[in-house]
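These protein sequence lines are chains Y and U, in that order. Taking our numbering, I'd label the letters of the first sequence as residues 18 to 378. Taking our numbering, I'd label the letters of the second sequence as residues 18 to 378.
Keep in mind the hints are simulated off the structure, nothing from the lab. As the structure is a computational prediction, the values presented were derived from the model and not from experiment. Every residue, glycine too, gets a C-beta built ideally from N, C-alpha and C. Some hints could be false.
[To be verified] Each pair of labels, with its calculated beta carbon distance range:
no.: 1; chain 1: U; residue 1: Ala279; chain 2: Y; residue 2: Asn47; range: 31 to 39 Å
no.: 2; chain 1: Y; residue 1: Lys108; chain 2: U; residue 2: Ala62; range: 40 to 48 Å
no.: 3; chain 1: Y; residue 1: Lys175; chain 2: U; residue 2: Asn79; range: 55 to 63 Å
no.: 4; chain 1: U; residue 1: Glu360; chain 2: Y; residue 2: Ile359; range: 45 to 53 Å
no.: 5; chain 1: U; residue 1: Glu282; chain 2: Y; residue 2: Arg344; range: 46 to 54 Å
no.: 6; chain 1: U; residue 1: Asp76; chain 2: Y; residue 2: Val200; range: 43 to 51 Å
no.: 7; chain 1: U; residue 1: Gly347; chain 2: Y; residue 2: Lys108; range: 40 to 48 Å
no.: 8; chain 1: Y; residue 1: Lys181; chain 2: U; residue 2: Lys106; range: 38 to 46 Å
no.: 9; chain 1: Y; residue 1: Ser345; chain 2: U; residue 2: Lys181; range: 44 to 52 Å
no.: 10; chain 1: U; residue 1: Ala279; chain 2: Y; residue 2: Arg344; range: 39 to 47 Å
no.: 11; chain 1: U; residue 1: Lys106; chain 2: Y; residue 2: Gln64; range: 39 to 47 Å
no.: 12; chain 1: U; residue 1: Arg59; chain 2: Y; residue 2: Glu282; range: 26 to 34 Å
[Stated by the list, open to error] Coverage of chain U stretches by chain Y, computed from C-beta distances (three or more under 8 Å per stretch; other residues unrestricted):
no.: 13; region: 31-38
no.: 14; region: 57-70
no.: 15; region: 92-105
no.: 16; region: 208-217
no.: 17; region: 239-245
no.: 18; region: 250-261
no.: 19; region: 333-340
2 protein chains.
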Amino acid sequence: MSRVFNFSAGPAVLPEEVLKEAAAEMLDYNGTGMSVMEMSHRSKAYQEIIQTAEKDLRDLMNIPDNYKVLFLQGGASQQFAMIPMNLMKNKVADYIITGQWAKKAFKEAQMYGKARAVASSEDKTFSYIPDCSDLDIDDDADYVYICENNTIYGTKFKTLPNTKGKTLVADVSSCFLSEPVDVSKYGVIYGGVQKNVGPAGVVIVIIREDLITEDTLDGTPTMLKYKIHADNDSLYNTPPAYGIYICGKVFKWLKKMGGLGAMKEHNEKKAAILYDYLDQSKLFKGTVVKEDRSLMNVPFVTGDEELDAKFVKEAKAAGFENLKGHRSVGGMRASIYNAMPIEGVEKLVDFMKKFEAENVK
Amino acid sequence: MSRVFNFSAGPAVLPEEVLKEAAAEMLDYNGTGMSVMEMSHRSKAYQEIIQTAEKDLRDLMNIPDNYKVLFLQGGASQQFAMIPMNLMKNKVADYIITGQWAKKAFKEAQMYGKARAVASSEDKTFSYIPDCSDLDIDDDADYVYICENNTIYGTKFKTLPNTKGKTLVADVSSCFLSEPVDVSKYGVIYGGVQKNVGPAGVVIVIIREDLITEDTLDGTPTMLKYKIHADNDSLYNTPPAYGIYICGKVFKWLKKMGGLGAMKEHNEKKAAILYDYLDQSKLFKGTVVKEDRSLMNVPFVTGDEELDAKFVKEAKAAGFENLKGHRSVGGMRASIYNAMPIEGVEKLVDFMKKFEAENVK
Ligand SMILES: Cc1ncc(COP(=O)(O)O)c(C=O)c1O
Ligand SMILES: Cc1ncc(COP(=O)(O)O)c(C=O)c1O
Ligand SMILES: [Mg+2]
Ligand SMILES: [Mg+2]
Ligand SMILES: [Mg+2]
Ligand SMILES: [Mg+2]
Chain Y
18 MSRVFNFSAG PAVLPEEVLK EAAAEMLDYN GTGMSVMEMS HRSKAYQEII
68 QTAEKDLRDL MNIPDNYKVL FLQGGASQQF AMIPMNLMKN KVADYIITGQ
118 WAKKAFKEAQ MYGKARAVAS SEDKTFSYIP DCSDLDIDDD ADYVYICENN
168 TIYGTKFKTL PNTKGKTLVA DVSSCFLSEP VDVSKYGVIY GGVQKNVGPA
218 GVVIVIIRED LITEDTLDGT PTMLKYKIHA DNDSLYNTPP AYGIYICGKV
268 FKWLKKMGGL GAMKEHNEKK AAILYDYLDQ SKLFKGTVVK EDRSLMNVPF
318 VTGDEELDAK FVKEAKAAGF ENLKGHRSVG GMRASIYNAM PIEGVEKLVD
368 FMKKFEAENV K
Chain U
18 MSRVFNFSAG PAVLPEEVLK EAAAEMLDYN GTGMSVMEMS HRSKAYQEII
68 QTAEKDLRDL MNIPDNYKVL FLQGGASQQF AMIPMNLMKN KVADYIITGQ
118 WAKKAFKEAQ MYGKARAVAS SEDKTFSYIP DCSDLDIDDD ADYVYICENN
168 TIYGTKFKTL PNTKGKTLVA DVSSCFLSEP VDVSKYGVIY GGVQKNVGPA
218 GVVIVIIRED LITEDTLDGT PTMLKYKIHA DNDSLYNTPP AYGIYICGKV
268 FKWLKKMGGL GAMKEHNEKK AAILYDYLDQ SKLFKGTVVK EDRSLMNVPF
318 VTGDEELDAK FVKEAKAAGF ENLKGHRSVG GMRASIYNAM PIEGVEKLVD
368 FMKKFEAENV K
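Same shape as in the complex, but just chain Y (with noise of 0.2 Å):
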């Protein structure tokens, strides 16, 4: 068995230490003579698994008393929807458009009241992010939404945008548990976990429980509110608990390696090995500006689409996979997610530097 270094985007890597834990108990849970994908989510065995992956994510994120971890299904596409279907009470929300991501939002709220967007970076393929020091947030704005790592173009928000005072709602999907969090500034945090925290098909919903109301739009499916899943803590029909088990698995892992804090300062030194590359390599350069830098999602080019490909390809042949940039934007991205490790980084950029010194002329 060899393992590649893996740079996709979503699903992504996990730490291997998790994968091997879960092979092992894949018949056998612990002693319950069954694995975790058998086992009712109505079991002693399994409420265990679900609120020790609640609690240490607590632990975590410093989770506030007042603040409920919902554990869904659906990706973060629906929550596009769920979200101003459970918090549009005024039909008002306010959306800055930093990506493909932060755009789909926009759009599926636009079907369940006025969706406004009072900031975008479209104008330069989303390359920066815009000043959200004085927006113009709507008076009746139910929330102002962010996508706060932007995937795709590699941008992240460095500081919140000023909501004055009104709900933020973020999704976090490839920032989760990247760095520490202050949980209190937001409304609601969500992520997909297939980045950073586990299997697809898991979405993790941290929501301030004021915002966790009956009172949602007309129509909105069961599924599809908060409230039915917050009173049921996250069983009111059956979870995906095998994904569930992973990501208390990953949080785990976490705590062992010291904790957001700790990620952070190990996330910082790994971009830091490619963008210090990036900034001095006559060949590649990367495409976000300086101040607004992704730690998560680090798209470059040559600035040749042949080489490019070029690049890509001989990439993957010498075992670094999915470096292809996403279709809308083209060129390379690699996606240097918590459990990439730093070996990953630096191989990689002696990689680069091989190519660049191989094709620079």
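Add chain U with the ligands to chain Y, keeping to what the hints say.
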């Protein structure tokens, strides 16, 4: 490692060889150098997994070409809303109420149009399937809805209802792939996979193409539109990738076992061992009228709640797990899905005989 006999109603027992393969492939699927959990859903390796899964399911169920197979999230419960949101063009649908799950689906549909209960077996605690040969089907009914196998009550439709030409929609969550089925008799067949097919977090929807249209109810979230998923071959957003992979392995296992005809024989033989014993036991008795008995879920009682509790406790100590009946009916329930070996049922009956000898004065 010792495996128990797991009679859980779902999530439920899976074939041991499927679990062994999954464990062996956990860190390196088929030479890719990564776990299926870590794979981009747009990668070649994953495309092959999902396409092969679909093909094998089509083979097993002999699904006609004019039906789409969708792998979705949200569980069966989310279908309770998706069905009316997508199919209620006239805003009328007729429901046959044979248990809690049918009732929940019915209640959800009432949010979206005129959902009518055209038959029910609630008068006798859902212990039988009502006569559905000549129901008062609405001329405008967009569909007639059944829960084909009632997990909680242990009944199964042995004859499909006469829908008077209207589209039949069936929840087959707890009888999925347990016997051959004539797909062409249905408009939609769907089920959560967590009983007979795979880990919780995947729902499979088999739907006739003409029912997949743009014309959904106002406010239907993008993620709840069949058309979006059909047009994108279940890859509109990140699918529950690992769960689909396990389902694919179960499909291969079913083919190796001889397909659904062989499974039916196997399941009939297995169920007969338990039902025959129940019919001659002086202590235990089944709760369902004989002609409507499920092959999958077998509820039974002693008639004495304390004795029921004693039985469940002693059975658990002897390695027979999850025999407690659903909280809404009490007593016992043995779910004996495809992956439950005959040996499990034989040993359970031996244990019941011993218990009967000890407890009948
Ligand atoms: C930031 C962000 N939001 C939302 C999504 C969509 O997630 P899902 O595929 O789980 O719906 C993605 C997926 O890549 C993402 O990167
Ligand atoms: C027949 C039937 N339908 C629907 C459901 C609900 O499924 P889910 O938990 O996936 O929403 C169940 C669950 O046990 C079931 O047995
Ligand atoms: Mg983006
Ligand atoms: Mg450069
Ligand atoms: Mg039922
Ligand atoms: Mg009897």
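For each hint, the structure was consulted:
1. Against the hinted window of 31 to 39 Å, the Cβ-Cβ separation of alanine 279 of chain U and asparagine 47 of chain Y comes to about 34 Å, which satisfies the hint.
2. Take lysine 108 of chain Y and alanine 62 of chain U: their Cβ atoms lie about 44 Å apart, and the range 40 to 48 Å holds.
3. At about 56 Å, the beta-carbon gap between lysine 175 of chain Y and asparagine 79 of chain U stays in the expected band of 55 to 63 Å.
4. For glutamate 360 of chain U and isoleucine 359 of chain Y, the hinted distance range of 45 to 53 Å is satisfied, since their beta carbons lie about 50 Å from each other.
5. Taking the beta carbon of each, glutamate 282 of chain U and arginine 344 of chain Y are about 48 Å apart, inside 46 to 54 Å as hinted.
6. For aspartate 76 of chain U and valine 200 of chain Y, the hinted distance range of 43 to 51 Å is satisfied, since their beta carbons lie about 49 Å from each other.
7. Taken as a hint, the range 40 to 48 Å holds for the pair glycine 347 of chain U and lysine 108 of chain Y, whose Cβ atoms sit roughly 46 Å apart.
8. For lysine 181 of chain Y and lysine 106 of chain U, the Cβ-Cβ distance of about 44 Å falls inside the hinted range of 38 to 46 Å, so the restraint holds.
9. Against the hinted window of 44 to 52 Å, the Cβ-Cβ separation of serine 345 of chain Y and lysine 181 of chain U comes to about 49 Å, which satisfies the hint.
10. For the pair alanine 279 of chain U and arginine 344 of chain Y, the beta carbons lie near 44 Å from each other, so the given range of 39 to 47 Å is met.
11. In this structure the supplied range 39 to 47 Å holds for lysine 106 of chain U paired with glutamine 64 of chain Y, their Cβ-Cβ distance being about 42 Å.
12. Taking the beta carbon of each, arginine 59 of chain U and glutamate 282 of chain Y are about 32 Å apart, inside 26 to 34 Å as hinted.
13. For the region 31-38 of chain U, the stated coverage by chain Y is satisfied: 4 residues place a CB nearer than 8 Å to a CB of that chain, which reaches the threshold of 3.
14. Coverage of the region 57-70 of chain U by chain Y holds. Counting CB-CB distances below 8 Å, 3 residues qualify, and the rule asks for three or more.
15. Under the rule that three or more residues need a Cβ within less than 8 Å of chain Y, the assignment of the region 92-105 of chain U holds, with 8 such residues.
16. Counting residues of the region 208-217 of chain U whose beta-carbon sits less than 8 Å from any beta-carbon of chain Y gives 5, enough to reach three: the coverage restraint holds.
17. Under a criterion of three residues with beta carbons nearer than 8 Å to beta carbons of chain Y, the stated coverage of the region 239-245 of chain U is upheld, 3 such residues being counted.
18. Only when three residues or more bring their CB closer than 8 Å to a CB of chain Y does the claim for the region 250-261 of chain U stand; here the count is 8, and the claim holds.
19. Look at the region 333-340 of chain U against chain Y: 3 of its residues bring a Cβ nearer than 8 Å to a Cβ of that chain, three or more, so the hint holds.
In the structure shown, no violation is registered for any of the earlier numbered hints.
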